[in-house]
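Participant: Sequence:
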Amino acid sequence: MVSRKWDVRLLDQILERLVKTVDNSKGEIFQISEHCRQDYQSIVDELKSIKLMVLQTIDTGDKLETKVRMARKRLSEVSKDFTKYSEAEVRGAYEQAHQLQTELTMNRQEEKQLRERRDELERRLVGLQETIDQADRLASQITVVLKYLTSDLKVFGEVIEDAKRKQDFGIRIIEAQEEERKRISREIHDGPAQMLANVLMRSDLVDRVFRERGAKEALNEIKSLKQMVRSALYEVRKIIYDLRPMALDDLGLIPTLKKYVHTVEDYNKVKINFSFIGEEKRLPSKLEVALFRMIQESIQNAIKHAEASEITVKVEFRCGKVNASIRDNGKGFDINQHKSDSSFGIMGMKERIELLEGNFSIDSKIGEGTHVLIQVPLEIANYV
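Numbering follows our numbering, with no gaps: position 353 of the sequence shown is 353.
Hints are computed from structural coordinates only; laboratory data are not their basis.
Even glycine gets a Cβ: it sits at the ideal position worked out from N, Cα and C.
Wrong hints could be hidden among the right ones.
[Claimed, not checked] Computed beta-carbon distance windows for the label pairs: (1) GLN194 - LYS258: 30 to 36 Å; (2) LEU233 - LYS269: 30 to 36 Å; (3) GLN113 - ILE14: 54 to 60 Å; (4) ILE366 - LYS112: 51 to 57 Å; (5) GLU28 - GLU368: 38 to 44 Å; (6) GLN41 - ARG318: 54 to 60 Å; (7) GLN194 - GLY278: 42 to 48 Å.
Required output: the full structure, derived from the provided sequences and hints.
Facilitator: Laid out in C-alpha cells, this is it:
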C-alpha cells in the first residue's frame with residue numbers, strides 16, 4: 001500500500017516536471033514568435049521605404065537621362081564649330097556632359113543597390129513568415145498537450161462512458177478551442193490590427209504631407225485615415241458578432257438568423273434563401289445558441305469549403321420538433337472519404353445534436369452540393 005502511494009507521488013512529480021518543461025518550451029517559442037513578428041514589421045516598414053526610394057531613384061534617373069542626351073547634343077554642336085563657340089563654351093559643355101553622365105552612373109548604381117536590398121528584404125520576409133507560422137503551430141500543439149496533461153477529463157464521464165472515446169473527445173474539444181482562438185487571432189491580426197498599424201504609420205505622414213503638398217492634400221490624407229478606421233471598426237464588430245450575436249439574447253433564434261443571413265450575403269457576395277415555417281417563439285437560451293451555431297457552421301462550411309454561390313436555409317417549428325435544412329450548390333464531397341478522415345466539424349455537430357437528443361444527417365455528392373438536416377425535439381427545451 002505504501003509502495004503504491006509512493007509510486008503515485010513519483011508519477012505526480014514526473015508529470016509536474018514534464019508540465020513545467022513543456023510550459024517553459026511554450027514560453028520560449030512564444031518569445032521567438034514575438035521577436036520574429038517585430039523583425040517582420042520592421043522589415044515591412046523598411047521595404048516600403050526602399051520601394052519608395054526605388055521609384056524616386058528611377059524617376060531621377062529618367063530625368064538625368066534626358067539631361068544627358070541634351071548635354072551630349074549641346075557638346076556635339078559646340079565641338080563641330082570652334083569658330084562660332086569659344087574654348088570656354090566648349091569646355092563648359094564638356095564638363096556639364098561629363099558631370100551629368102557621372103550623376104547618371106551613380107544613380108544607376110544606387111538603383112541597383114536599392115533593388116538588391118529590396119529583393120533581400122522580400123526573401124527575409126518569406127523566411128520570417130515561415131518561422132512565425134511554424135512557431136504558432138508548435139505553440140498551439142503544445143497548448144493542446146498542456147491542457148490535456150493538466151485537465152481533469154472526468155467531467156466528461158457522465159456523458160461519455162467509454163474511456164477511449166472520452167479521451168479522444170476531450171482532445172478534440174481542446175484542439176477545436178485552440179483552432180478557434182487561432183482563427184480569431186488571425187482575423188484580428190489580418191484585419192483590425194493590420195488596419196490600425198497602417199493608420200498609425202500613415203498618421204505620421206500627415207504632417208509631412210501638409211508641409212510638402214499643402215492643406216488640401218493633408219485633408220485628403222485625413223479623410224483616407226478616417227475611412228480606414230471605419231473599416232477597422234467594421235471588422236471588429238463582425239468578429240464580435242461571429243463570437244456571440246447580441247441579437248440572439250434580445251430577439252431570439254429566427255430574427256437573429258435573418259439578420260445573420262443578410263450580413264453574410266453582404267460580406268461574402270453569396271445568395272442565401274431563408275424561410276421559416278411555423279409559429280415563431282422563444283426557445284431556451286442554450287438551445288437557441290446550439291441551433292444557431294450549427295446553422296452558422298453549416299453556412300460557413302458551404303461558403304469556405306464548398307465554395308457555394310447559393311445557399312437555401314429552411315427552419316421549421318412543427319410536430320414538436322425544430323427542423324433545420326441547409327442546402328448549397330457547392331462542389332460537394334465524398335461522404336465515405338469524409339467519414340474515414342474523422343472530420344471534427346461533422347463529429348462535433350453530431351455530438352451536440354446527440355446531447356440535445358436530436359438527429360443529424362448530411363448528404364453530399366461531388367459536383368452536386370451538400371444537404372445538412374438537423375432535427376431537435378422541442379421537449380428537450382424543458383431540460384436545457
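Participant: Hint by hint, say whether it matches the structure.
Facilitator: A quick look at each hint next to the structure:
1. GLN194 - LYS258: 30 to 36 Å: Since GLN194 and LYS258 have Cβ atoms about 31 Å apart, the given range 30 to 36 Å holds.
2. LEU233 - LYS269: 30 to 36 Å: Taking Cβ atoms as reference, LEU233 and LYS269 lie about 21 Å apart, which means the hint is violated.
3. GLN113 - ILE14: 54 to 60 Å: holds, 57 Å
4. ILE366 - LYS112: 51 to 57 Å: holds, 52 Å
5. GLU28 - GLU368: 38 to 44 Å: violated, 49 Å
6. GLN41 - ARG318: 54 to 60 Å: Since GLN41 and ARG318 have Cβ atoms about 56 Å apart, the given range 54 to 60 Å holds.
7. GLN194 - GLY278: 42 to 48 Å: At 44 Å between Cβs, range holds.
Comparing the model with each earlier hint shows violations of hints 2, 5; every other hint is respected.
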